[in-house]
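Chemist: Residues per chain are reported as follows:
2 protein chains.
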Amino acid sequence: MKPVRLAILGLGTVGGGILKLLQENAAEIKRRTGREIQITHVGTRRPRPDLNLDQKIKQSADLLNIVAQDDVDVVIEVMGGIHPAYEVLLEAIKHGKHIITANKALLAEHGNELFKAAEDHSVQIVYEAAVAGGIPIIKVIREGLAANKIDWLAGIINGTGNFILTEMRDKGRAFDDVLKEAQELGYAEADPTFDVEGIDAAHKLTLLASNAFGIPLQFSKVYTEGISKITAQDVKYAEELGYRIKHLGIARRTANGIELRVHPTLIPQEELLANVNGVKNAILVQANAVGPTLYYGAGAGAGPTASAIVADVVDLVRDISYTEDGAGTVPQLAFEALTDLPILNREEMTTGYYLRVNAEDQTGVLADITTILSRAGISIDAIMQQTRLKDSIPIVILTDPIQESIMDEALAKIQALPAIHGETIRIRLESLDQ
Amino acid sequence: MKPVRLAILGLGTVGGGILKLLQENAAEIKRRTGREIQITHVGTRRPRPDLNLDQKIKQSADLLNIVAQDDVDVVIEVMGGIHPAYEVLLEAIKHGKHIITANKALLAEHGNELFKAAEDHSVQIVYEAAVAGGIPIIKVIREGLAANKIDWLAGIINGTGNFILTEMRDKGRAFDDVLKEAQELGYAEADPTFDVEGIDAAHKLTLLASNAFGIPLQFSKVYTEGISKITAQDVKYAEELGYRIKHLGIARRTANGIELRVHPTLIPQEELLANVNGVKNAILVQANAVGPTLYYGAGAGAGPTASAIVADVVDLVRDISYTEDGAGTVPQLAFEALTDLPILNREEMTTGYYLRVNAEDQTGVLADITTILSRAGISIDAIMQQTRLKDSIPIVILTDPIQESIMDEALAKIQALPAIHGETIRIRLESLDQ
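From first to last, the protein sequence lines are chains A and B.
If you're matching positions, the first sequence starts at 1 in UniProt numbering and goes up one per residue.
If you're matching positions, the second sequence starts at 1 in UniProt numbering and goes up one per residue.
Note that these hints are calculated values from the structure, not bench results.
One or more hints might be untrue.
Note that the list lumps identical chains together, so a pair holds whenever it fits in one copy or between two copies.
[What the hints assert, rightly or not] No farther apart than 27 Å at their CA atoms in a straight line, the calculated lysine-lysine pairs in the BS3-like style are these:
#1 K390 / K58
#2 K94 / K413
#3 K94 / K116
#4 K20 / K30
Hey, can you work out the whole structure from these sequences and the hints?
Modeler: Okay, here's the thing in structure tokens:
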């Protein structure tokens, strides 16, 4: 059989990692596929003589030209960013090239158009590397759990955020302090917004949810909250109550629609997910036949990302060898036909809560708060009065799950009590046990 | 497209679970495959009127006749046992039927012949349910990690054994006591040998290793040691040193060959694998590009096993729809061609050790022991003299990795010291960090 020919667009850390991996594991990969894999083109603005690329590999900055070449079967896009990646991939699809991409932002925001174009041109877009790096979570959900109706999934899908929260917990450090270290270590970008404000996680959650429920990609409907307001104080109180704060992406099927949300979340200390530390990722999936399963590993980095990209290469090589036109056997978003289930607004979602109220030391304030919660039908699971700080006493309350709109109203009333100082902190809480 | 037609052989817990799952999730599965799935035959010695099977499903005890029928595309074998499963599946293969089986014993011991027959007749044998129940670990290793050279894997792959060890640790209970409870709870068989002596785990490890390294199935070469000799005392000492004892199946690639071993193992408390409790399973895989990844979930039970079986059904339905004769795209044991790497004997393997020596309270014995170890080139990582028991003082020693033959010799010398009482306990230790 003829070799399968690849064009790699982007020669940064990940692009370099792919070249290295294809070379290093060439023998093992050949044993798996029984077929030669050849890199014919590399698209890069700056040539990289340091990589000592094979002389036969053509380097060029003209990406639209590369994707039109006859000696390309598969285009690997690891440039990142939405433009020009979107235009280049559309062009590649029109030329009948299969696509492998790690570009979560592009797929979450423009995937519906790209998948449609791929279908029209009978090519595949595969994207294992776009979610949770080297963990084969897309394959697990699309194929491994295909017998199940998936109830929900909850994932630590941003390594930077998890590194920051882990350091805050282990060493009692402040957010800003750890963020600075993360930037120095290269875990966080100079502009850390995408990571710490949850946008990156929301991109990944969008992809996970479509594969879990068979719904179109709907990034704009993900409720997204970052970790920049989490304080060392709340991390400590959570720990005392038996919980850890993790930044989770959660997709849940409810009777009224789908919840898509990214936010800091208290989860029980003894959960495996609570023990996923540092830059590592993990996804917990609750499905109706198998029950809970968890998938853990490196969520970023050249090696792990290349691992996912090249696994997609292997899949495509197998598909090109054994299916008509390499069309493959698995639907792009796990389902033959997508369903338009409603996505809930934040106000319609249901979660448990950690509340921290700063109260004056005044008789009756505890009674006032619990009365407000009780009248709203909010059950209190735990309540803890903390040591007095300068001018107030922090009262920490854990509640059972309640609809957010009800909590909004109750909190407005609590906030209006004269004995309350400053803003009441609310962090969501999930027991992960259903 | 015509429906894909299934025959289910065996109507026990798992068989019943498959029927229930195919019915309960029919709509979701149809959305994934775009194709009808029909059960046409059920093979069972005793008819099950309580299951209210569709009248169109034929029930029969004549399995060889069922697998010859024209209205069967796929045979699902969930009878268990080696005979007559082996003969029935060979017959099914000769009639061109694809096979799905959960039968780890059959595959580990006779898989090489069965896979050969399947190749000759252009059918697939798939077996996700044979290892770690509902965790899609075969798919992960065959496909998800296909870009990697796998260095080693270590798994908790027998739920009964893990339940027993978890109870022993949590409650300080004795092995026999917990085993009895496990039998009452239905976690352990009346004859628990397969589970507690590691045979079941060795069957599963055989399948994992072939998929990880591309070697033929070699069950007879797995070094297998059970948990029946683990005492509450050693569990406690391990805990004090920061370790937990887990019954692991380990497959490791070394410069000299492959290690295949099942045995109780001390692993660091903070490892996720050490925190997998009760009947749950988990497999940690170390691969050269992605690094460590871990897969966790239910390893047995009707729902999880049916989840894996029906995921295989979905894969086969997709393959039958899109590849020639349904031959599929992935090699049966992950590699297009298997390699005959040498499998190491126990004496050639290398592990760390937990040793418990029972010494008379006599000056010099500690010096004698450490001298023997030091002369053998065995590094001591920790040493702890415990509180005196009736007639001796337990001395616990943790060592760095060393070849087993060297440890054998050193232990023989220690055992020959006049101040040593009874047998020295040796339990292997893995740091899981490379």
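Chemist: So which of the earlier hints does this model not fit?
Modeler: Of the numbered hints given earlier, those the structure breaks are 1, 2, listed in rising order.
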